[in-house]
Amino acid sequence: MNIKGFSTGMYGWHERYGMDGKDPSWEEIFRDCAESGVDAVEIDPTPELLSAAKACGLTISGTYVGLALHEPFEALGIEDAVMPAARRLAEAGGTDLVINADPKGGWENPELKTEVEFKRQGDNLTRIAAAVRPLGLKVSLHNHAATTHNAEGDLRSVIEYSSPEVGLCIDTGWAHVAGCDPIEWIRKYPDRVVAFHLRNQMGAIPTEDLLEGEIDMRRLIGTLSSIGYQGWLAFELWHRDDNHPQRTMVEDVRRSVDGLKQWITEIC
Numbered sequence: 001m002n003i004k005g006f007s008t009g010m011y012g013w014h015e016r017y018g019m020d021g022k023d024p025s026w027e028e029i030f031r032d033c034a035e036s037g038v039d040a041v042e043i044d045p046t047p048e049l050l051s052a053a054k055a056c057g058l059t060i061s062g063t064y065v066g067l068a069l070h071e072p073f074e075a076l077g078i079e080d081a082v083m084p085a086a087r088r089l090a091e092a093g094g095t096d097l098v099i100n101a102d103p104k105g106g107w108e109n110p111e112l113k114t115e116v117e118f119k120r121q122g123d124n125l126t127r128i129a130a131a132v133r134p135l136g137l138k139v140s141l142h143n144h145a146a147t148t149h150n151a152e153g154d155l156r157s158v159i160e161y162s163s164p165e166v167g168l169c170i171d172t173g174w175a176h177v178a179g180c181d182p183i184e185w186i187r188k189y190p191d192r193v194v195a196f197h198l199r200n201q202m203g204a205i206p207t208e209d210l211l212e213g214e215i216d217m218r219r220l221i222g223t224l225s226s227i228g229y230q231g232w233l234a235f236e237l238w239h240r241d242d243n244h245p246q247r248t249m250v251e252d253v254r255r256s257v258d259g260l261k262q263w264i265t266e267i268c
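Just so you know, full-length UniProt numbering puts 52 at position 52 of the sequence shown, and the rest follows in order with no gaps.
Honestly, I wouldn't trust all of these hints.
[Said to hold, decoys possible] Below, a list of computed lysine-lysine pairs in the DSSO-like style, where the Cα atoms sit at most 30 Å apart:
#1 K188 - K4
#2 K188 - K22
#3 K138 - K119
#4 K4 - K54
#5 K104 - K188
#6 K104 - K4
#7 K138 - K188
#8 K138 - K22
#9 K22 - K119
#10 K104 - K138
#11 K261 - K188
#12 K138 - K54
#13 K119 - K104
#14 K54 - K104
#15 K261 - K54
Hint data in this document are derived by calculation from the structure and do not stem from the laboratory. Quick caveat, the model's predicted, so the values are computed rather than measured.
Let the sequences and hints guide you as you build the complete structure.
Written as C-alpha cells, this is what we have:
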C-alpha cells in the first residue's frame, strides 16, 4: 500500500472551534491542520483558500459537494453546483471530487429513498463523472445516511447503477451508524474504493480520535493493504458535547495520524 498521504475534512474542525467559542481565520485553521500532522485538506480551493493552505505547507486532496442526487439530473444544476469547484480542484492539483448523496426530505427529517431514486443517483453520478473526466478527477459517492436502508441503497447507486469510473468515498463513521461494516465494503468492492472519511464510533456517538471505538482501524489498514489502496486517508473527526473530548482537535488528529503510520509500518 502506497497512500498519497493524510488529509482532513473541515466540518469537524469548525464544530470544535464552535465548542470552544472561537471564530478563527482560515490562516489559523490551516496552521492547526498542519500542526496536527496532515499533508492536505479537503476544501473548495478558491484562490484565497488555496493560497492560505499552501502558505501552511498543505496541499489539496479533494473537494466535497453535496447534491440531491435522487432528483432528476436537470434539477441538480451541475454547471453551477459542481463544475466551477471541479475546475478549481483540478487546477489546484487535487484528485478527489467527493459527492454526497444529500437526504431526501432534508437533514432534519430524512426520508427513505426508493429504488428508482437510488438508480437515478447512479445515473447522475455517471453523468457527473463524464463531465469532469477531461479534468482528470476521480468522482466518488460519500455515504452519509444514518439508516441501513438508505446506506445500502446509496452503495447500490455506485455498485449496481453507475459506470465503473464512479468510486466510493467510504465514511467509516456513518457506515457504522447505519449498521454497515465499512471494512466489509472495502473487501467486497476493492476496485471502487478511491477515498475515505475516517472516524471511529461507539454506537451512534463519534469517538474522540480514530484509535478508540468499535471499528477495528488496524484491521481496516490491513484490508487496505491487501487491496493495494493508493489514495488519500482523510480524517473526519467530530468532537461533540456527547463525546466529551479531553484533548484538542490538533492533539486528536495527531494521535490518529501517528497511530495509522505505526500500523502501516507494521502491516505493509
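Hints and how they fare:
1. Of the pairs offered as hints, the one joining K188 and K4 holds, with about 22 Å between alpha carbons and a cut-off of 30 Å not exceeded.
2. Restraint check for K188 and K22: the C-alpha separation of about 42 Å exceeds 30 Å, so the hint is violated.
3. Taking the CA atoms of K138 and K119, the gap is about 20 Å. The hint holds against a cut of 30 Å.
4. Under the criterion of a C-alpha separation no larger than 30 Å, the hint pairing K4 with K54 is consistent with the structure, at around 17 Å.
5. At roughly 27 Å between alpha-carbon atoms, K104 and K188 fall within 30 Å of each other, so this suggested pair holds.
6. Between K104 and K4 the alpha-carbon distance is near 34 Å, which puts this suggested pair outside the 30 Å criterion.
7. Restraint check: the Cα-Cα separation between K138 and K188 comes to about 20 Å, which is no more than 30 Å; the hinted pair holds.
8. About 35 Å separates the Cα atoms of K138 and K22, which puts this hinted pair outside 30 Å; it is violated.
9. Restraint check for K22 and K119: the C-alpha separation of about 42 Å exceeds 30 Å, so the hint is violated.
10. Proposed proximity of K104 and K138 is supported: the alpha carbons are some 25 Å apart, at most 30 Å.
11. Distance restraint check for K261 and K188: the Cα-Cα separation of roughly 25 Å lies within the 30 Å cut-off, and the hinted pair is therefore satisfied.
12. A threshold of 30 Å between alpha carbons decides the hint, and for K138 with K54 the separation of about 22 Å falls inside it, so the pair holds.
13. This hinted pair checks out: K119 and K104 have alpha carbons roughly 14 Å apart, not beyond 30 Å.
14. For the suggested pair K54 and K104, the alpha carbons sit about 37 Å apart, so the restraint of at most 30 Å is broken.
15. Pair hint K261 plus K54 holds up; C-alpha atoms about 23 Å apart against a cutoff of 30 Å.
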